Amino acid sequence: GAGVSQSPRYKVAKRGQDVALRCDPISGHVSLFWYQQALGQGPEFLTYFQNEAQLDKSGLPSDRFFAERPEGSVSTLKIQRTQQEDSAVYLCASNGAGGSSYEQYFGPGTRLTVT
Amino acid sequence: AQRVTQPEKLLSVFKGAPVELKCNYSYSGSPELFWYVQYSRQRLQLLLRHISRESIKGFTADLNKGETSFHLKKPFAQEEDSAMYYCALSRLQGAQKLVFGQGTRLTINP
Numbered sequence: 233g234a235g236v237s238q239s240p241r242y243k244v245a246k247r248g249q250d251v252a253l254r255c256d257p258i259s260g261h262v263s264l265f266w267y268q269q270a271l272g273q274g275p276e277f278l279t280y281f282q283n284e285a286q287l288d289k290s291g292l293p294s295d296r297f298f299a300e301r302p303e304g305s306v307s308t309l310k311i312q313r314t315q316q317e318d319s320a321v322y323l324c325a326s327n328g329a330g331g332s333s334y335e336q337y338f339g340p341g342t343r344l345t346v347t
Numbered sequence: 007a008q009r010v011t012q013p014e015k016l017l018s019v020f021k022g023a024p025v026e027l028k029c030n031y032s033y034s035g036s037p038e039l040f041w042y043v044q045y046s047r048q049r050l051q052l053l054l055r056h057i058s059r060e061s062i063k064g065f066t067a068d069l070n071k072g073e074t075s076f077h078l079k080k081p082f083a084q085e086e087d088s089a090m091y092y093c094a095l096s097r098l099q100g101a102q103k104l105v106f107g108q109g110t111r112l113t114i115n116p
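Protein sequences appear in the order of chains A and B.
Quick note on numbering: the first sequence equals residues 233 to 347 in the working numbering.
Quick note on numbering: the second sequence equals residues 7 to 116 in the working numbering.
Since no wrong hints were added, every one of them can be taken at face value.
Derived Cβ-Cβ restraints for the label pairs, each shown as a range:
1. B:86 <-> A:284: 39 to 45 Å
2. B:81 <-> A:260: 35 to 41 Å
3. B:22 <-> A:317: 41 to 47 Å
4. B:58 <-> A:249: 43 to 49 Å
5. A:298 <-> B:63: 35 to 41 Å
Every beta carbon over 10 Å from chain A, so not counted as near; a handful from chain B, in silico:
6. 7
7. 19
8. 30
9. 33
10. 45
11. 60
12. 62
13. 64
14. 73
15. 79
16. 89
17. 113
Interface residues of chain B toward chain A, partial, derived using beta-carbon atoms under 10 Å:
18. 12
19. 15
20. 40
21. 42
22. 44
23. 50
24. 52
25. 93
26. 94
27. 102
28. 105
29. 106
30. 107
31. 109
Just so you know, these hints were derived from the structure itself, not from any lab.
Treat the numbers as computed from the prediction; the structure is a model and nothing was measured.
Backbone N, C-alpha and C define an ideal beta-carbon position, used for all residues, glycine too.
Work the whole structure out from these sequences, hints included.
Here it is as structure tokens:
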């Protein structure tokens, strides 16, 4: 079956522009995670949804970052007024049956470059 | 604080030699430990988790709570093992956010 998909795969934004990154999780997956991966680093947690509820947004670096999952499937990560330090790969992961599932399935990522 | 440390950014070994990728963690409580792998031009995927205690592609990892380590080992490296390896932890049970180390790039030389 289809895995997690993300779009666009590459995004170049001028500093100050707003961007929106999309994640399509595996169908039926309850949990959805966003991570930010800077060059040469491991992924860092940004935020977590269970269905449409955003249960943890402790990793969002500033109030310029906003995520939503209004119908409990597709999620969008929005970054307002992008800065150079926002340049990174943004990874989305989904996870199945909630309480008992452990494996996160990752998308290919969106590489954001802010110039 | 939750932290995962992978002390080696790069590791290079010859085909057929043993491999050990180091991972140390700090966590208050009982974590679940994972190894994720990213092959060239592929997405990040789970390799193994400590609770399952299984061997995947010849790799094993034992959780040592005394040393707070979860090193990944393989007795005989193969060229197809060349990849980026990330150690990660989460809270035990259920869908939980992952805390990753910075990763180790493993290169197997022919």
